[in-house]
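A.B. asks: Sequence:
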Amino acid sequence: MTVPILQVALAQLVPVVNDAGANLVRMRQIMEAHREADLVVFPELFLGGYTTRTPAAQAIDVESTALKQLCDHAAWCETAVIFGAAEHYRGGIANSAFCINRHGEVAGIYRKTHLFGDEIDAFVPGDELITVDIDGHRLGLMICFDVEFPEVARALSQAGAEALVTISANMTPFGMDHHLFAMARAVENTRPHVYVNQTGAGETFEFTGGSMIVSVDGELTAVAGEHEGVAQGPLALTNRSALRPDYHQLKRETLLVRQANRNDVTGPTL
1 MTVPILQVAL
11 AQLVPVVNDA
21 GANLVRMRQI
31 MEAHREADLV
41 VFPELFLGGY
51 TTRTPAAQAI
61 DVESTALKQL
71 CDHAAWCETA
81 VIFGAAEHYR
91 GGIANSAFCI
101 NRHGEVAGIY
111 RKTHLFGDEI
121 DAFVPGDELI
131 TVDIDGHRLG
141 LMICFDVEFP
151 EVARALSQAG
161 AEALVTISAN
171 MTPFGMDHHL
181 FAMARAVENT
191 RPHVYVNQTG
201 AGETFEFTGG
211 SMIVSVDGEL
221 TAVAGEHEGV
231 AQGPLALTNR
241 SALRPDYHQL
251 KRETLLVRQA
261 NRNDVTGPTL
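The sequence shown: position 126 = 126 (full-length UniProt numbering), numbered continuously.
Hints were generated in silico from the structure; no laboratory data involved.
Be aware that a few hints might be false.
Stated by the list, open to error - Below, computed lysine to aspartate or glutamate pairings styled on EDC-like, alpha-carbon distance capped at 20 Å:
| hint | residue 1 | residue 2 |
| --- | --- | --- |
| 1 | Lys-68 | Glu-78 |
| 2 | Lys-68 | Asp-133 |
| 3 | Lys-251 | Glu-219 |
| 4 | Lys-251 | Asp-177 |
| 5 | Lys-68 | Asp-19 |
| 6 | Lys-251 | Glu-151 |
| 7 | Lys-68 | Asp-118 |
| 8 | Lys-68 | Asp-127 |
What the hints assert, rightly or not - Taking CB as the label site, the calculated pair distances span:
| hint | residue 1 | residue 2 | range |
| --- | --- | --- | --- |
| 9 | Arg-258 | Arg-26 | 51 to 59 Å |
| 10 | His-88 | Gly-229 | 53 to 61 Å |
| 11 | Glu-188 | Asp-264 | 28 to 36 Å |
| 12 | Val-106 | Glu-36 | 16 to 24 Å |
| 13 | Glu-128 | Glu-188 | 34 to 42 Å |
| 14 | Val-265 | Glu-203 | 26 to 34 Å |
| 15 | Val-106 | Ala-159 | 14 to 22 Å |
| 16 | Leu-256 | Arg-26 | 48 to 56 Å |
| 17 | Glu-203 | Pro-234 | 31 to 39 Å |
| 18 | Val-3 | Arg-258 | 42 to 50 Å |
| 19 | Gln-259 | Glu-128 | 31 to 39 Å |
| 20 | Asp-264 | Glu-228 | 54 to 62 Å |
| 21 | Val-3 | Val-265 | 47 to 55 Å |
| 22 | Glu-226 | Ile-120 | 27 to 35 Å |
All C-beta atoms in this analysis are idealised placements derived from N, C-alpha and C, irrespective of residue type, glycine included.
Full structure from sequences and hints, please.
C.D. replies: See the structure below:
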């Protein structure tokens with residue numbers, strides 16, 4: 001049986017904080033330069049730059065000109081795109097991942113459910129997980145801190161996600177943390193994982209890069225390293241490991257946890 005493959009471009013770039021116009025231009029340039037890719041992925045909050053001080057200044061919604069321009073450009077390039085942006089949502093601002101398919105349609109918007117640090121005061125959290133359809137394949141979306149909670153990726157994979165996509169703005173000194181988490185989420189769920197992080201200096205933090213595509217067996221099929229750039233590689237949409245068992249099939253139902261006591265001990269009394 002032939003394994004479906006999506007060619008994915010990892011846009012590990014440094015956005016200009018509070019300049020959505022400049023970042024939009026660069027996004028369109030990257031999409032055009034990688035028209036052969038099926039999907040281009042940009043980091044968390046890339047459109048307006050990562051900020052917890054003034055997120056409302058660059059926030060968009062489904063009627064925003066910037067989003068419409070990206071939809072038009074995705075259709076022209078015939079390339080899907082996932083990117084992070086601040087979004088007007090429920091009377092506040094959400095930290096969101098927008099997905100546009102290759103036809104220029106908004107396929108879904110995910111609002112970050114696990115906020116980190118100063119984000120707690122700057123953003124309203126989402127209250128649901130979502131999968132999006134890209135070329136007939138379901139991708140489960142996560143944003144940065146979400147990847148540190150195993151139950152998020154597990155819920156997405158159990159809901160039918162064929163692959164995981166995490167957009168991130170992970171900073172020093174947590175680079176190795178996310179490398180390990182991104183690898184683990186792929187292997188433990190037998191789901192390939194696209195992880196795209198910012199790099200370089202931001203408004204407050206130094207971001208660590210490390211963008212990559214991880215196969216279900218933990219192999220890296222694309223790596224962006226620490227510096228700014230675009231890496232491209234195959235995302236093989238298989239949920240079968242060549243090395244490991246199917247954890248979903250072998251998983252037991254939730255087991256009770258009980259405090260052990262002396263009555264559990266059998267054998268002669270000492």
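A.B. asks: So, against the hints stated earlier in the document, which numbers end up violated here?
C.D. replies: Of the numbered hints, 3, 4, 7, 8, 10, 13 and 14 do not hold.
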